[in-house]
Amino acid sequence: MKGYEQRNSGNKILLAVIGATTFLTAMVGATFAYFSATHTSEKQEITTATASLNVTTTNNNVKDIRPIVWNDVEKEKDTNKEVVKIEVIVTGNSTADGQYSLYLNEPEITLNEINVSDNDDGSVDDFKWSAYTKEGTKLKDPTSFTGKKTKEGSTGVLIPNSEHNSYTKKYNANVPINDTYYIYVWAENSAKEQNKLQGVNFNVTFTAISTTKLADE
Amino acid sequence: MEDKKNSNSILLTIIGVATLLIALVGATFAYFSATATSADQSIQVGKLNITTSLEEASQKDIIPTKWDDTTMDNNKNNDNIAKFTYKVMGTGTTVRDAVYDVKLTGAVIMQETVNNGVTSSEQGGDKTQVIYKLVKNDQSVIANGNYNDIISGKEIVHNQSITGETNDTYTLYVYIEENNQNQDKLQGATVSATLDATAYTPRITSE
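Residue numbers (the numbering used here), protein chains in the order written: chain A, 1 to 217; chain B, 1 to 207.
Just so you know, these hints were derived from the structure itself, not from any lab.
Warning: the hint list may mix true and false statements.
Stated by the list, open to error - Per label pair, the in silico range of CB-to-CB distance:
hint, chain 1, residue 1, chain 2, residue 2, range
1, A, 113, B, 194, 27 to 33 Å
2, A, 117, B, 87, 21 to 27 Å
3, A, 75, B, 161, 58 to 64 Å
4, A, 167, B, 194, 26 to 32 Å
Where a beta carbon is used, it is the ideal one built from N, C-alpha and C, also for glycine.
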């Protein structure tokens, strides 16, 4: 009879341990068995701004120019046959406000060395250019070419903008950009022999760079 | 538990502020740009070129004679009038409004003594009696004078247009003007002519 009592007690302890273990397991399991609920909203799209830019150029087809005195012909620069007139049109569109700068890319210029005397006065800086707006406002005084090629873009020569007397032109979002500039190129007469300029050929290009980051006012 | 919650909140705040700072700093460099470059525009300088040629006169041993103002052919056929053919060409010239001038330089080399039985004081003849006349393109006389005027050179053609197609022919006539007097000092003289042409582009002024 005493053995039955002991066995009963052992069973109770076992059951208690099992029960406690089960409870603990249930408790531990309970930390992972929670309620959850999710809800997905409607898809929200974010678009980034776009900016496009284009530079087109035409000229008055003047060829075989010879040296002139700019001050003599400035008033008739649009029709003078010794002045190359280049029309530069900057167009574009941006979905954000921004600004652009326009550069003249310096070309390499090689002078003529055939049949020139030692006293010849011709030099690269006899070649000059000046910039005007479409309305005729001067943007840049006569400036000499250096004759040394610059990389296209921001290492060229900035063409000033008449707005705010700065070198950038602002534009507004979704308002088309359409600006015209006139660049005049000629060989300045030095009143001395300039045969080094005879037969010289070079090309001029223009680069516009726009950014949506506004310059500090 | 509360301490752990507080430190979690502080950590999250720090992370959030740091993120915001990075976003703000990043915003000063994060702009869009676009670049466009035009096509080439050609600048071309012209050329100016002039060439000349002078053919030697065929007449030799000329004597004093008269110029026929009425009939040019008589002068062309007069064997006592020396004729030089001078050409001016602008081949290769591409500039506009270029012109040229021509300068004539002449010399008369006279013999020191002329022995023909006439005394020196009775002999006549000098450089002023050696005459030149210039005709362009076989038309009219455009310049004339005597050799005394051209010892140091004289511009006899001025401001003539020259282009790539220019091919002007000048005839220089040289003779001894007969004056019905003794002109023996001009016997055996050698008469020479040099023509220099210069082309240039004059200054342009607004009208």
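Numbers of unmet hints, in rising order:
Hints 3 and 4 are the ones this structure does not satisfy, whereas the remaining hints hold.
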